[in-house]
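Residue numbers (the UniProt record's numbering), protein chains in the order written: chain A, 1 to 389; chain B, 1 to 130.
Derived from the structure by calculation, the hints contain no laboratory data. None of these values were measured; they are calculated from a predicted model. Backbone N, C-alpha and C define an ideal beta-carbon position, used for all residues, glycine too. One or more of the hints may lead you astray.
Simulated coverage check for chain A against chain B, where a stretch passes if three residues somewhere in it have a Cβ under 8 angstroms from a Cβ of chain B [what the hints assert, rightly or not]:
{"no.": "1", "segment": "132-141"}
{"no.": "2", "segment": "197-203"}
Taking lysine to aspartate or glutamate pairs in the EDC-like style, the calculated list, with each CA pair at most 20 angstroms apart, reads [as the list claims (entries may be wrong)]:
{"no.": "3", "chain 1": "B", "residue 1": "54", "chain 2": "B", "residue 2": "12"}
{"no.": "4", "chain 1": "B", "residue 1": "71", "chain 2": "A", "residue 2": "115"}
{"no.": "5", "chain 1": "A", "residue 1": "301", "chain 2": "A", "residue 2": "275"}
{"no.": "6", "chain 1": "B", "residue 1": "45", "chain 2": "A", "residue 2": "132"}
{"no.": "7", "chain 1": "B", "residue 1": "71", "chain 2": "A", "residue 2": "201"}
{"no.": "8", "chain 1": "A", "residue 1": "301", "chain 2": "A", "residue 2": "163"}
{"no.": "9", "chain 1": "A", "residue 1": "227", "chain 2": "A", "residue 2": "364"}
{"no.": "10", "chain 1": "B", "residue 1": "45", "chain 2": "A", "residue 2": "252"}
{"no.": "11", "chain 1": "B", "residue 1": "54", "chain 2": "B", "residue 2": "114"}
{"no.": "12", "chain 1": "B", "residue 1": "71", "chain 2": "B", "residue 2": "119"}
{"no.": "13", "chain 1": "B", "residue 1": "109", "chain 2": "A", "residue 2": "252"}
{"no.": "14", "chain 1": "A", "residue 1": "100", "chain 2": "A", "residue 2": "224"}
{"no.": "15", "chain 1": "A", "residue 1": "227", "chain 2": "A", "residue 2": "46"}
{"no.": "16", "chain 1": "B", "residue 1": "109", "chain 2": "A", "residue 2": "201"}
{"no.": "17", "chain 1": "B", "residue 1": "3", "chain 2": "A", "residue 2": "132"}
{"no.": "18", "chain 1": "B", "residue 1": "54", "chain 2": "A", "residue 2": "132"}
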Amino acid sequence: MRRPGLGYIVGAYEHPLRDAPDRSVAQLHAEVAAGALADAGLTKDDVDGLFCGPDTPGTGPLSMADYMNLNLRHVDTTNTSGSSYLIHVAHACQAIAAGKCDVALITLAGRPRQEGKAKGSLKRADNPNQPDFEFEHPFGIQILGVYAMVAQRHAHLYGTTAEQMAWVKVAFSHHAQHNPNAKLRNVVTVEDVVNSPLVADPLHRLDCCVVTDGGGALVVTREEIAKSLDRPLVKVIGCGEAPYGQAGGYAEITDSGARRSGATAYAQANVTPADIRYASIYDSFTITAMVQLEDLGFCEKGEIGAFVSDGGLISGSGRLAVNTDGGGLCNNHPVNRGGMTKALEAVRQIRGEAHPAVQVPDCDLALANAIGGQLGVRHASSTIILERG
Amino acid sequence: MGKTTPVMSLSDAPMWQSIENGKLALMACKTCGTYRYPPSPICPKCLSMETEWKPIAGTGTILSWVVFHRKYFDDFPPPYNAVAVRLDEGPIIMTNLVGEEPEGSWIGKRVSLEYVDHDGRRQHAARIAE
Ligand SMILES: [Zn+2]
Numbered sequence: 001m002r003r004p005g006l007g008y009i010v011g012a013y014e015h016p017l018r019d020a021p022d023r024s025v026a027q028l029h030a031e032v033a034a035g036a037l038a039d040a041g042l043t044k045d046d047v048d049g050l051f052c053g054p055d056t057p058g059t060g061p062l063s064m065a066d067y068m069n070l071n072l073r074h075v076d077t078t079n080t081s082g083s084s085y086l087i088h089v090a091h092a093c094q095a096i097a098a099g100k101c102d103v104a105l106i107t108l109a110g111r112p113r114q115e116g117k118a119k120g121s122l123k124r125a126d127n128p129n130q131p132d133f134e135f136e137h138p139f140g141i142q143i144l145g146v147y148a149m150v151a152q153r154h155a156h157l158y159g160t161t162a163e164q165m166a167w168v169k170v171a172f173s174h175h176a177q178h179n180p181n182a183k184l185r186n187v188v189t190v191e192d193v194v195n196s197p198l199v200a201d202p203l204h205r206l207d208c209c210v211v212t213d214g215g216g217a218l219v220v221t222r223e224e225i226a227k228s229l230d231r232p233l234v235k236v237i238g239c240g241e242a243p244y245g246q247a248g249g250y251a252e253i254t255d256s257g258a259r260r261s262g263a264t265a266y267a268q269a270n271v272t273p274a275d276i277r278y279a280s281i282y283d284s285f286t287i288t289a290m291v292q293l294e295d296l297g298f299c300e301k302g303e304i305g306a307f308v309s310d311g312g313l314i315s316g317s318g319r320l321a322v323n324t325d326g327g328g329l330c331n332n333h334p335v336n337r338g339g340m341t342k343a344l345e346a347v348r349q350i351r352g353e354a355h356p357a358v359q360v361p362d363c364d365l366a367l368a369n370a371i372g373g374q375l376g377v378r379h380a381s382s383t384i385i386l387e388r389g
Numbered sequence: 001m002g003k004t005t006p007v008m009s010l011s012d013a014p015m016w017q018s019i020e021n022g023k024l025a026l027m028a029c030k031t032c033g034t035y036r037y038p039p040s041p042i043c044p045k046c047l048s049m050e051t052e053w054k055p056i057a058g059t060g061t062i063l064s065w066v067v068f069h070r071k072y073f074d075d076f077p078p079p080y081n082a083v084a085v086r087l088d089e090g091p092i093i094m095t096n097l098v099g100e101e102p103e104g105s106w107i108g109k110r111v112s113l114e115y116v117d118h119d120g121r122r123q124h125a126a127r128i129a130e
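Produce the complete structure using the sequences and hints provided.
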């Protein structure tokens, strides 16, 4: 079925490094930008729109636009933490449709491992001026804590087990063995996960994503330019974004904004979850991916434990191929913001450029979803749906 | 590493005062009566801006919990816990469970709030109800 393209992703690049001790953050941004432009067959002089998050050094986009000597007529610094970069794809499509730019560059890069954020000591990005700060911080609530609470309650409501959660990590480790750049390439078992040390009960060490330096970039453009380039066409056909909060203390903590961002994207794309051949799902923790998968309608709410079990997410043999690059749990989680790498692997799948061992045959429809912020309290979900052009 | 810190701001000073007085108060809507937490300038149910701080009974049910096994704050040596409590008035609050910890799942256990000294400040905590 031919669906209208909202925009086309013509460039995609993932930095090969996971440890970058001898590079500056600005250099990493420039390297991923150059990589994505080269992938597209474009140059920096073609770029007239820049989309970036707070990982970009300097004031919003200003320092990087100067550093890369870009001549811009549109900028967007929307920040919803890890989901920002999928929202940037959507906003780039909107800006292109509105005539505000023709070639949009989206970058993410950083070096948290060099900045002492690689040993589980990561604090929440809290600011005492946040209205919610006073009501969580004094009780020692840390970023894993709210995810652990979501996992505990999911287990209570639906009988989800630690072994079922472990299957998410196991599946992504099966994919990561084929990715030469992955931070963790070793295949793990359910026993490996549940026997790894408890970090925040019920989350074990292997339920948690990696912390990596590096980054990635995307180039989005309009149809005529995309068709003039020598790359497989990747068409954006649906987008959704949905903040989700506590609703005054009454929200269900095991639900996420993915229900609303997914519904918006499916409606715009005129597809259903059953049509999706491949999904990139943000996996800051195993439970994060599970909640999104059920809220995106790949199974009934509460049935995700059975869905992921027995290799349910392994490409080729499972129920749905998910995170064939190894995801944030095994491959890459640059700057603790997972949205960018989710888009990158979805683009590879649509182009047929994923590793042959994990490539979904004839993958014509893919979805990428990210959660930025924290499940259980306040976050934003962002969904994009891609089709081969 | 550092310690957790309280900050008094426009919308939470009355809460900390109520904790000092040993009877936690939350914002409640003067129009429809709905309690809310954290505080906000507007009722999430009816959007009224007429608000009062009302003491709560201090009873509720554990909605979820976590035990941290790593050190994140100097004033919370591991292992330490945090609990989300569904108050009988409706909203969820975050606090710490003190006293005896239940066997197995903590979810659904009834708790009552009390007031404890934590590193030089007074804050609320939950204890399993008899
Ligand atoms: Zn009201």
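Hint by hint, here is what the structure shows:
| no. | hint | in the structure |
| --- | --- | --- |
| 1 | 132-141 | holds (count 10) |
| 2 | 197-203 | holds (count 5) |
| 3 | B:54 x B:12 | holds, 13 angstroms |
| 4 | B:71 x A:115 | holds, 18 angstroms |
| 5 | A:301 x A:275 | holds, 19 angstroms |
| 6 | B:45 x A:132 | holds, 18 angstroms |
| 7 | B:71 x A:201 | holds, 14 angstroms |
| 8 | A:301 x A:163 | holds, 18 angstroms |
| 9 | A:227 x A:364 | holds, 17 angstroms |
| 10 | B:45 x A:252 | holds, 16 angstroms |
| 11 | B:54 x B:114 | holds, 17 angstroms |
| 12 | B:71 x B:119 | holds, 16 angstroms |
| 13 | B:109 x A:252 | holds, 18 angstroms |
| 14 | A:100 x A:224 | holds, 16 angstroms |
| 15 | A:227 x A:46 | holds, 15 angstroms |
| 16 | B:109 x A:201 | holds, 18 angstroms |
| 17 | B:3 x A:132 | holds, 18 angstroms |
| 18 | B:54 x A:132 | holds, 19 angstroms |
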